[in-house]
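Asks: Listed here are the chains, written in short residue letters.
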Amino acid sequence: MENLTSLFTDESTYRLITIVMLSIFLGIELISNVPSVLHTPLMSGANAIHGVVIIGAIIVMGKAAPTDYLALALGFMAVILGTLNVVGGFVVTDRMLEMFSKKKKSA
Amino acid sequence: MSQSLLLLSYLIGSITFILGLRMLSKPESARRGNLIAAAGMTVSILATIFLYINPDSHEHLHNHLWIFGGLVIGTILGTYAARKVKMTAMPEMVSLFNGMGGACAMLISVVEFHGDSAAHMIKMLVIVLGAMIGTVSFVGSMIAWGKLNGRIKDRTIPGAQVINFILFAGIAALAVLVIGGYVSVPAYYFYALLLLAAIYGGLFVMPIGGADMPVVISLLNSFTGVAAAFGGFLYNNPVMLTGGILVGSAGTILTMLMCKAMNRSLKNVLIGSFGGQKAAAAGAPKEKISYKEIPLNDAAVLMAYAQKVMIVPGYGLAVAQAQHTCHQLELLLAEKGVEVYYGIHPVAGRMPGHMNVLLAEANVPYEKLLEMEDANDIMSSINVVLILGANDVVNPAAKDNPASPIYGMPILEVERAEHVIVNKRSMNRGYADIENDLFSRPKTSMLFGDAKSVLQDLIAELKLL
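These protein sequence lines are chains A and B, in that order. Take 1 as the starting number for the first sequence in our numbering and just add one per residue. Take 1 as the starting number for the second sequence in our numbering and just add one per residue.
For the record, the hints were derived by calculation from the structure and aren't laboratory data. Among the hints, erroneous ones may be present.
[Stated by the list, open to error] According to the in silico footprint, chain A covers these stretches of chain B (three or more CB under 8 Å from chain A): (1) 15 to 29; (2) 38 to 49; (3) 69 to 80; (4) 95 to 108; (5) 233 to 247.
Backbone N, C-alpha and C fix where the C-beta goes; we use that ideal spot for every residue, glycine too.
Required output: the full structure, derived from the provided sequences and hints.
Replies: Shown next, in the form of structure tokens:
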């Protein structure tokens, strides 16, 4: 119980929770009026953004002791997978959107 | 000093994510939005590598060689895959990348679990939830990927709801044991939990039909966002938190919007598409639909001498990869003085917006693509509608049969045009597995065959005229 009440007395946790609440509402606001043409690229773009989990992978990797092979191996995998998510996600989205913009210019 | 620089970089990252999402939701700024978010991501990643200080040891991160090695491998593979993939395979690519993100979140949690298996309750809660959601998202995305490229067939599992409930109870019980520290070797329980979560992720996606995959991928996308946000909690990292939560909430809204475009409730999608109605339909006596076929040259003549032709593309066009051939037909008709439009239903194809992307790839001018409302507005002035492998999105039952499972879904009202030519591979039903009595209406004639070869034949006929 003490752990739970500390959620609100510990300032950094409190700050994180505030960020979460605000981000939830912001996310809803940002997306609420999207033409259906953009659903797929938007989903793909959001997909790339959650690749921010890569930062966690970098931290895991970077603080692993040189002999902690489990952390090194899993962290290395995590960095690769996270990078795939980020880079692949942004490139795929760009390819989808490139077609739209090219069309508009030639029109 | 380096700490404030790091936080500043994270702030830049968060702002670019917000701006990026904002810009991605408008056609004119979408591409820039994507690039801005990518730039912010790069700043955040580099700042983490060089400026992050481990709060426990007060040291900078080391193992730079490993980190950059992973980044380089991931970048090469990711760029290669994303550049090589065909436009028609985009949906499964997105699903695959989403799965990678989920797996990444899972691995982070596994490492953290081993690093501190006696962590206090809240930290353990964050680790377990991150691992769980990451695993569900990873396995679910992989199944969705397999389904979209046809490697995994739709399968309804008998008693799926009971099994899911048991799994869920098992996951909850294990989570309590691990988080509360009630067991002496928490690792066993932790891995059992991951295993159950993996099975749950598989069963979750398994019964959902191929055409509903976009909705599921969007939902799994927001799951991965939440998993990333748990990582943010774990490392007290604001950019992971904002990025993850933004995608979590925006992804949920996007999922709802997609459902709305299809006039389906999320619950309906998740329970396994039209399951309930399918049984009811099977009970009703099946009538043979009568239909008439139209010879190729007749179809060609009909279109060549029409004033206005509307092409309605669907899944069949995507499968046959016929977008370029379709564009050729359009140009040929235009040469003969026919006005050609495309009527685009928002959910035609495999993903919302799929048809726009495909036709754009074939260089069809943007303004030829009419959105559903605009297409319906001019429908009564159209002489010939050519339907290429679309079915449910033109099914009049959505308008006039309240008993139909798709009743209420907005459709392209093609029956208001003068003639309707339907190209399909066979008389098989569409994705929703319901009869389409458009095919038996007097105005309609059928043109069977693969969209690409039919279009090629039509072009050949048109050239002879």
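Asks: Run every hint past the structure and note whether it holds.
Replies: Taking the hints in turn, this is what the structure says about them:
no., hint, in the structure
1, 15 to 29, "holds (count 10)"
2, 38 to 49, "holds (count 6)"
3, 69 to 80, "holds (count 9)"
4, 95 to 108, "holds (count 10)"
5, 233 to 247, "holds (count 15)"
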